[in-house]
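Chemist: Listed below are the residues making up each chain.
2 protein chains.
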Amino acid sequence: MNTPLFKKSNLTVALVGATGAVGQELIQLFDQFQFPIQTLIPLASKNSVGKKIRCLGKDWPVQELTHHSFSKVDLAFFSAGASRSLEFAPLAVQQGAVVIDNSSAFRMDKKVPLVVPEVNPDDIFQHQGIIANPNCSTIQMVVALQPLHQESPIQEIRVATYQAVSGTGAKAIEELLNQTQQYVEKKEVLSSVYPAQILFNAIPHVDVFLENAYTKEEMKMVLETQKIMHAPNLKISATCVRIPVLRSHSEVIWVQTEKKIGVQKAIGLWNQAPGIKIVNQPEPGGYPMPLYAQGTFETYVGRIREDLVDPKSLTFWCVADQLLKGAAWNALQIAGHLVGFPLSLKQKSA
Amino acid sequence: MNTPLFKKSNLTVALVGATGAVGQELIQLFDQFQFPIQTLIPLASKNSVGKKIRCLGKDWPVQELTHHSFSKVDLAFFSAGASRSLEFAPLAVQQGAVVIDNSSAFRMDKKVPLVVPEVNPDDIFQHQGIIANPNCSTIQMVVALQPLHQESPIQEIRVATYQAVSGTGAKAIEELLNQTQQYVEKKEVLSSVYPAQILFNAIPHVDVFLENAYTKEEMKMVLETQKIMHAPNLKISATCVRIPVLRSHSEVIWVQTEKKIGVQKAIGLWNQAPGIKIVNQPEPGGYPMPLYAQGTFETYVGRIREDLVDPKSLTFWCVADQLLKGAAWNALQIAGHLVGFPLSLKQKSA
Numbered sequence: 000m001n002t003p004l005f006k007k008s009n010l011t012v013a014l015v016g017a018t019g020a021v022g023q024e025l026i027q028l029f030d031q032f033q034f035p036i037q038t039l040i041p042l043a044s045k046n047s048v049g050k051k052i053r054c055l056g057k058d059w060p061v062q063e064l065t066h067h068s069f070s071k072v073d074l075a076f077f078s079a080g081a082s083r084s085l086e087f088a089p090l091a092v093q094q095g096a097v098v099i100d101n102s103s104a105f106r107m108d109k110k111v112p113l114v115v116p117e118v119n120p121d122d123i124f125q126h127q128g129i130i131a132n133p134n135c136s137t138i139q140m141v142v143a144l145q146p147l148h149q150e151s152p153i154q155e156i157r158v159a160t161y162q163a164v165s166g167t168g169a170k171a172i173e174e175l176l177n178q179t180q181q182y183v184e185k186k187e188v189l190s191s192v193y194p195a196q197i198l199f200n201a202i203p204h205v206d207v208f209l210e211n212a213y214t215k216e217e218m219k220m221v222l223e224t225q226k227i228m229h230a231p232n233l234k235i236s237a238t239c240v241r242i243p244v245l246r247s248h249s250e251v252i253w254v255q256t257e258k259k260i261g262v263q264k265a266i267g268l269w270n271q272a273p274g275i276k277i278v279n280q281p282e283p284g285g286y287p288m289p290l291y292a293q294g295t296f297e298t299y300v301g302r303i304r305e306d307l308v309d310p311k312s313l314t315f316w317c318v319a320d321q322l323l324k325g326a327a328w329n330a331l332q333i334a335g336h337l338v339g340f341p342l343s344l345k346q347k348s349a
Numbered sequence: 000m001n002t003p004l005f006k007k008s009n010l011t012v013a014l015v016g017a018t019g020a021v022g023q024e025l026i027q028l029f030d031q032f033q034f035p036i037q038t039l040i041p042l043a044s045k046n047s048v049g050k051k052i053r054c055l056g057k058d059w060p061v062q063e064l065t066h067h068s069f070s071k072v073d074l075a076f077f078s079a080g081a082s083r084s085l086e087f088a089p090l091a092v093q094q095g096a097v098v099i100d101n102s103s104a105f106r107m108d109k110k111v112p113l114v115v116p117e118v119n120p121d122d123i124f125q126h127q128g129i130i131a132n133p134n135c136s137t138i139q140m141v142v143a144l145q146p147l148h149q150e151s152p153i154q155e156i157r158v159a160t161y162q163a164v165s166g167t168g169a170k171a172i173e174e175l176l177n178q179t180q181q182y183v184e185k186k187e188v189l190s191s192v193y194p195a196q197i198l199f200n201a202i203p204h205v206d207v208f209l210e211n212a213y214t215k216e217e218m219k220m221v222l223e224t225q226k227i228m229h230a231p232n233l234k235i236s237a238t239c240v241r242i243p244v245l246r247s248h249s250e251v252i253w254v255q256t257e258k259k260i261g262v263q264k265a266i267g268l269w270n271q272a273p274g275i276k277i278v279n280q281p282e283p284g285g286y287p288m289p290l291y292a293q294g295t296f297e298t299y300v301g302r303i304r305e306d307l308v309d310p311k312s313l314t315f316w317c318v319a320d321q322l323l324k325g326a327a328w329n330a331l332q333i334a335g336h337l338v339g340f341p342l343s344l345k346q347k348s349a
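In the order they appear, the protein sequences are chains E and X.
Start counting the first sequence at 0; every next residue gets the next number (numbering that gives the first Met the number 0).
Start counting the second sequence at 0; every next residue gets the next number (numbering that gives the first Met the number 0).
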């Protein structure tokens, strides 16, 4: 059990969406962890053909994504949106690749494991060709909640998010930076990615609206959490809000467990849990902040308090780099398990 | 009952903190509503003496705040921090003025009414010289909750805030604007008001930390709400977060009432309630946003949904201009009741 399904040191790896925000992070991670790739095939739209991707000491020409891109591929990372995953991931599997998909396309498919390695690593090995990487806001929340859930089953979760523009992609990062420049230069502030100016604003709307008046992002936090934690009856209520932060998500979480855990016990559990860093001093700066989580791998917890409504519940503040733990790093961790390549955070360079 | 304690059309009004962010808003409101002031006495520290304040068609010289500033004053607005209120407000009362205090100094004093006119206007007339204006995050929350509370008593409130820098004052607005300019000009980004850069960041820390690991702002939302709503046993849990927004606060609120109210009924109640505007379309832009609440008087509610954890509860998004409804406008509304000068939102100019 949990034996890597293939163990190779000479992998051929395809990267669909190589020029996007998450794709760029994956390329850096391949380098940083010296991931055992022999051949990298960066795939993108026709427009990017001709570009070269520097990774692992070589330049890899960007190729156009086609129905025949995967014939020699062992492992394919998909990070180019749900519609491309829906079209091309099954073809990649047919052609012999294992797919780690960062989009929402297959996350709720019963045949597809949805994995956060700190929570449900064993699910990786149940795959039938595709493994889904969860939604970013969900990943950091389940990393933080799993140690509590193991101590006493979680019954209720309420969460309000403070999400960075990086979750929308490279164009949204550019939009926030452009708006900042336009504002300072007293020019008209232009919005095209978001329905309103995001600079100096908060937009309570992430992904599309669904019939129950929740957004798709909010329902991802409900349904994906239930699937990852193997807790189909877990009650979760989320409100997702975009704020003018470049790339780390923050969350205010209330969690009710079956038995009371308490602040001190929770701190002990988090201290021993993988991938978690506690910053919890009741003083200025003694809490995680999205600006300083940028470029790091951990999920941070702080502002840990007993809930004043329900003394059995805890409330806390949770921060993680959306592009790393919320996307590329989680995907690489899955790949590490899959190919038997250990990824220790101690390996990471500064 | 509720007869104005004094009704004058030739008021002498002192404004302590005339050069601060809230003071400046009050001066604009005096103009906008043609508040019946015969003599305005702007009071500030020695440094501001020599400045003139333009209001109601005249220039009023800023005077130094001293122990003898209030001998001819009917009504004094205090908006210069708790320590100045503690020192000077009792003196103002001794000298015959009624004080409307925007600081936290007297809010929890049993002899001092704490008033949001949409919620507990009758309390105004119980004053013994001082009437306290609540904390900004509390004001907009109780305006939104009161119509539900009247329908069925509220039992539990959970709230996560998204607070603008204006809540900290004019220096914090300047700090965010300076950081924006420094960032664009690729200069070092400097922080002095906040313990960290606020541009592109979220700081889960508003006001000082207390012994229970909550901040004073979070406990204000608990204790002030209980007092204003006359509900000492109401259970409230708050996490307060500062975000890079210039001047309106936003909040994600979960509210449990004794009996289920439901989304449609709540919308009906909010539609008829004073000072509330509903923006609740499940489509891009169909919700309140802090950037567009700037300069308006209403408390906005949107993203109204049934709570997925507890179907008896509602969850929604609430936005208001922190400097207006959260401070100056609420104070002026109190003054309007006090002197029998009706302030209708219909009077407001564009």
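Careful, some of the hints might be misleading.
It does not matter which identical chain is used: a pair holds within one copy or between any two.
Listed next, the in silico DSSO-like pairs over lysine-lysine satisfying Cα-Cα at most 27 Å (straight line) [said to hold, decoys possible]:
| id | residue 1 | residue 2 |
| --- | --- | --- |
| 1 | 186 | 109 |
| 2 | 311 | 264 |
| 3 | 264 | 50 |
| 4 | 110 | 71 |
| 5 | 50 | 170 |
| 6 | 215 | 259 |
| 7 | 264 | 215 |
By construction, these hints were calculated from the structure, which means they are not laboratory data.
Chemist: Each of the hints needs a verdict: does it hold here or not?
Modeler: Hint check:
1. 186 x 109: neither (50 Å within a copy, 51 Å between copies)
2. 311 x 264: Close inside one copy (13 Å), not across copies (31 Å); limit 27 Å.
3. 264 x 50: This pair counts as neither: shortest intra-copy Cα distance 52 Å, inter-copy 57 Å.
4. 110 x 71: So residue 110 and residue 71 pass the 27 Å test inside one copy only (24 Å; across, 80 Å).
5. 50 x 170: Answer is within; shortest intra-copy Cα gap is 18 Å, inter-copy 47 Å.
6. 215 x 259: Between copies only: 25 Å across, 31 Å inside.
7. 264 x 215: between (34 Å within a copy, 25 Å between copies)
Hint check: violations occur at hints 1, 3; the rest are consistent with the structure.
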